[in-house]
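One line per chain: the protein sequences are S and Y, in this order. Every letter in the first sequence is one number past the one before it in this note's numbering, and letter 3, counting from 1, is -9. Every letter in the second sequence is one number past the one before it in this note's numbering, and letter 108, counting from 1, is 96.
Keep in mind the hints are simulated off the structure, nothing from the lab.
Given that identical chains are not distinguished, each listed pair holds provided it fits within a single copy or across any two copies.
List time: in silico SDA-like cross-link candidates among lysine to any residue, alpha-carbon distance up to 20 Å:
1. K10 / G42
2. K19 / A3
3. K129 / D89
4. K10 / P41
5. K131 / D89
6. K131 / Q87
7. K131 / S85
8. K113 / Q87
9. K10 / R34
10. K129 / A84
11. K92 / P138
12. K110 / V133
13. K105 / Q87
There are 2 protein chains.
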Amino acid sequence: MKQKAIQDYYPDDVAHCYGCGKLNEHGHQIKTFWDGDETVTKFIPRDYHTAIPGYVYGGLIASLIDCHGTGTGALAAYKAEGREYDSQPPLRFVTASLQVDYLKPTPLGVELELRGKVIEQKGRKVVSEIIVTANSVVTAKGKVVAVRMPENMVI
Amino acid sequence: MKQKAIQDYYPDDVAHCYGCGKLNEHGHQIKTFWDGDETVTKFIPRDYHTAIPGYVYGGLIASLIDCHGTGTGALAAYKAEGREYDSQPPLRFVTASLQVDYLKPTPLGVELELRGKVIEQKGRKVVSEIIVTANSVVTAKGKVVAVRMPENMVI
Chain S
-11 MKQKAIQDYY PDDVAHCYGC GKLNEHGHQI KTFWDGDETV TKFIPRDYHT AIPGYVYGGL
49 IASLIDCHGT GTGALAAYKA EGREYDSQPP LRFVTASLQV DYLKPTPLGV ELELRGKVIE
109 QKGRKVVSEI IVTANSVVTA KGKVVAVRMP ENMVI
Chain Y
-11 MKQKAIQDYY PDDVAHCYGC GKLNEHGHQI KTFWDGDETV TKFIPRDYHT AIPGYVYGGL
49 IASLIDCHGT GTGALAAYKA EGREYDSQPP LRFVTASLQV DYLKPTPLGV ELELRGKVIE
109 QKGRKVVSEI IVTANSVVTA KGKVVAVRMP ENMVI
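Please put together the full structure from these sequences, using the hints given.
Next comes the structure, spelled out in structure tokens:
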């Protein structure tokens, strides 16, 4: 059976994020899965997601890392609590801080792979390190501090 | 006379960045100006640039900070060299690293103001600190390490 992405379980009223909401028709609708102990998201940028000709603009890479980090936070939280993704209450994460190091220009026109590792999980916080790969070359590295969304922000 | 934004002087063949290229019809087309010793960009997110309902998604904020940082790098470089923006060769910057701290949720529906300060300028590198304000409240802080684009990347 095909594994479902964590974003497929975000409740409809918090599923409009431009980066990862399944209900945002303008957005990226990224999907994040476990792959062993790592989390994975794949994304093909559009031709207009350019920086200088032929390369992906840095803001998109930051955005993908950001939402991959919150998705990783949610995946890690369900795993730690031994809960199913559709159990209540939903566990959703927001970003407290984001760090991106751009190591090489990221080529346009190929699928990007983001792989995350949880490096700290404590209380409401999940910290992950994320690498971005294009054509098997690591082009960017990120670190995301994700915190569980306060219940009063979930509408 | 109205001050022109640094992005208005990016050569056409490097003016397609999704964040700040004047020729990217899909993109944000941000404009960055000097305001005294600070650099300023203003931007009104669209309704679909949402995270959770009513708030701006973090990836957009990261993207704005990123391009404001490269624009600030260019502005600072022309200033340091005492050069006009249309003098040759063009000075364009790319991002080496980006740090964003999300301090509060950023409300949707209002104009965001980004203000940058150059905190280090050495060789080809310009480091800036950037604050993002909505309704006069600082909602995010960023730091961008911008480096001058190698000549062989300018097509």
